[in-house]
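Taken in order, these protein sequences are the chains called A and B. Going by numbering that gives the first Met the number 0, the first residue of the first sequence is number 0, and it counts up by one from there. Going by numbering that gives the first Met the number 0, the first residue of the second sequence is number 0, and it counts up by one from there.
What the hints contain is simulated information worked out from the structure, not anything from laboratory work. What you are looking at is a predicted structure, and each value in this text was computed from that prediction instead of being measured. For each residue, glycine too, the CB sits at the ideal point set by N, CA and C. Mixed in with the good hints, there may be bad ones.
Stretch by stretch, here's where chain B covers chain A in the computed footprint (C-beta under 8 Å, at least three residues) [as the list claims (entries may be wrong)]: (1) 17-30; (2) 46-52.
FRET-style restraints, in silico, Cβ to Cβ [as the list claims (entries may be wrong)]: (3) Arg301/B - Glu27/A: 38 to 46 Å; (4) Met0/B - Asp55/A: 21 to 29 Å; (5) Thr192/B - Asp55/A: 31 to 39 Å; (6) Glu27/A - Arg322/B: 25 to 33 Å; (7) Glu27/A - Gly316/B: 56 to 64 Å; (8) Asp239/B - Gly30/A: 44 to 52 Å; (9) Phe165/B - Val10/A: 56 to 64 Å; (10) Gly316/B - Asp55/A: 53 to 61 Å; (11) Glu27/A - Asp175/B: 44 to 52 Å.
Spelled out, the chains give:
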Amino acid sequence: MAKLASGLPLVCRQVFTLRKVYGYSGREIAGRLGIPERAVEELLIQAARWYAQADDLDVQSLGRGPSLTKRLRSRIADE
Amino acid sequence: MTTALEFEAQAAAWLVKRDDGPLSAEMQAEFDAWIASDPRARAAYLRLEIAWKRADSLRRLRPLDGDVDENLLSHSPFSPVPMEEYPAREETRSTPTAVVVSQPDLVHPSEAPLTEVIEANVVSSARRGRMLAGLAVATTLVFAAVGVMMWLAHERTGWHEYTTDFGGLSRIVLDDGSVINLNTNSVIRVQLTAELRHIVLERGEALFKVAHDQLRPFDVQAGTTVVRAVGTEFSVRVRDSREVGASGLKDVEVLVKEGRVAIDPPKSEKPLERAAVLPASTSTLSAGEAVVINAKRVQVQRVAEADVDRKLSWTEGRLWFERQTLKDVVAEFNRYNRRQMVIADPSIENLRIGGGFEATDPESFIAALERTLGVRAFPSPTSDGDDTEVIRLVGTRENSN
Numbered sequence: 000m001a002k003l004a005s006g007l008p009l010v011c012r013q014v015f016t017l018r019k020v021y022g023y024s025g026r027e028i029a030g031r032l033g034i035p036e037r038a039v040e041e042l043l044i045q046a047a048r049w050y051a052q053a054d055d056l057d058v059q060s061l062g063r064g065p066s067l068t069k070r071l072r073s074r075i076a077d078e
Numbered sequence: 000m001t002t003a004l005e006f007e008a009q010a011a012a013w014l015v016k017r018d019d020g021p022l023s024a025e026m027q028a029e030f031d032a033w034i035a036s037d038p039r040a041r042a043a044y045l046r047l048e049i050a051w052k053r054a055d056s057l058r059r060l061r062p063l064d065g066d067v068d069e070n071l072l073s074h075s076p077f078s079p080v081p082m083e084e085y086p087a088r089e090e091t092r093s094t095p096t097a098v099v100v101s102q103p104d105l106v107h108p109s110e111a112p113l114t115e116v117i118e119a120n121v122v123s124s125a126r127r128g129r130m131l132a133g134l135a136v137a138t139t140l141v142f143a144a145v146g147v148m149m150w151l152a153h154e155r156t157g158w159h160e161y162t163t164d165f166g167g168l169s170r171i172v173l174d175d176g177s178v179i180n181l182n183t184n185s186v187i188r189v190q191l192t193a194e195l196r197h198i199v200l201e202r203g204e205a206l207f208k209v210a211h212d213q214l215r216p217f218d219v220q221a222g223t224t225v226v227r228a229v230g231t232e233f234s235v236r237v238r239d240s241r242e243v244g245a246s247g248l249k250d251v252e253v254l255v256k257e258g259r260v261a262i263d264p265p266k267s268e269k270p271l272e273r274a275a276v277l278p279a280s281t282s283t284l285s286a287g288e289a290v291v292i293n294a295k296r297v298q299v300q301r302v303a304e305a306d307v308d309r310k311l312s313w314t315e316g317r318l319w320f321e322r323q324t325l326k327d328v329v330a331e332f333n334r335y336n337r338r339q340m341v342i343a344d345p346s347i348e349n350l351r352i353g354g355g356f357e358a359t360d361p362e363s364f365i366a367a368l369e370r371t372l373g374v375r376a377f378p379s380p381t382s383d384g385d386d387t388e389v390i391r392l393v394g395t396r397e398n399s400n
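Work out the full structure, taking the sequences as your base and the hints as a guide.
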């Protein structure tokens, strides 16, 4: 998972955060980051696939720590 | 031949399109066709959708003024946190009395404890150890709050409970005309209101023949999964998760005999909308389809018509097997009988079994085993020393190689 996450470009993480934390539409994200809407879509696709995979791993590791969502959340809260 | 990765890529593309707003009629039709084209397409889509919906809970981090926090944007949450930083959940089990501490505000059980989680994490890193412990406790509280909620909900009036014992089989006709066949060792609760027919399958298995009522959906809740029907016939089975490390969770199996049902997969943030019209596309199952939902995945399978009947033969008190392993067959018999069978010889676990048997007559089954497969059966006391006995099955030389 670590490898997977570090392989994810910053802009992809930003797009994910704007969608999931702020609820921005594709157009709004494109406007904010100054990239084409089509690119936002591609980045979201990447993020969705990454997230599902991380989520799978997360479920497999049940009982070994807080869920992925919680870890992401605690990560944000830390920063 | 489309590969799993290609299905995943297509599914992700659809997910993102649908996530960004309603599709045009043509796009919707295209999506419906795509998802119906292959069970693997549907499975890939469901998997991504569940994870994506789960991420919606991150919405709560949004600052109250709604402004985008630049800091949060540049340090996004993706940096991995090593697992070792977190205490094993076993350690948190030592605080079971924390159970009812959390507010039993029943409307949003999942929301309140989250605040605690976030607060627990804002503390400085010097106190990290304690913070993590707090986080773990908060996690326990989330589960506790949900438990309390469910318990209180059942305290409300209007619930009827039906149970069966080992080997029991019960037929329940509800006021709306729907019929429920309740299999062995099962518990079900039913509440009929003007808007909803609400069923909770607490344990075991049931077949539902739902009377048609457009205005009153028929919801069957099993574990955290909800199956919704309007007028159809389907079975649901719930059992404790068999996945390693997923203790406390439930595995759910749904088999549709007739018509169509919608599945609200576990842990999605929003329950199904209260609309009698099923959503056009995503999480629906049609006749001859089955889905297995567990902690790891949602798996859709096609089931041939003959197999549907075979799988539902329990409604007549019979068990039909077709090339199933002895291990599975024994597990199935054990659902119906107090007198349990145990395979005491690993070499016979994978013998293939076929045929029809009375569910509550394992003796005939054992006789057939001894006659045709050379398996020997020995009654013996259980290890806990009470007067129940188990039947131990062992192989003979002919079948042990």
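How the hints compare with the structure:
no., hint, result
1, 17-30, "holds (count 8)"
2, 46-52, "holds (count 4)"
3, Arg301/B - Glu27/A: 38 to 46 Å, "holds, 41 Å"
4, Met0/B - Asp55/A: 21 to 29 Å, "holds, 23 Å"
5, Thr192/B - Asp55/A: 31 to 39 Å, "holds, 38 Å"
6, Glu27/A - Arg322/B: 25 to 33 Å, "violated, 56 Å"
7, Glu27/A - Gly316/B: 56 to 64 Å, "holds, 60 Å"
8, Asp239/B - Gly30/A: 44 to 52 Å, "holds, 49 Å"
9, Phe165/B - Val10/A: 56 to 64 Å, "holds, 59 Å"
10, Gly316/B - Asp55/A: 53 to 61 Å, "violated, 39 Å"
11, Glu27/A - Asp175/B: 44 to 52 Å, "holds, 46 Å"
Hint compliance for this structure: hints 6 and 10 are not met, and every other hint is.
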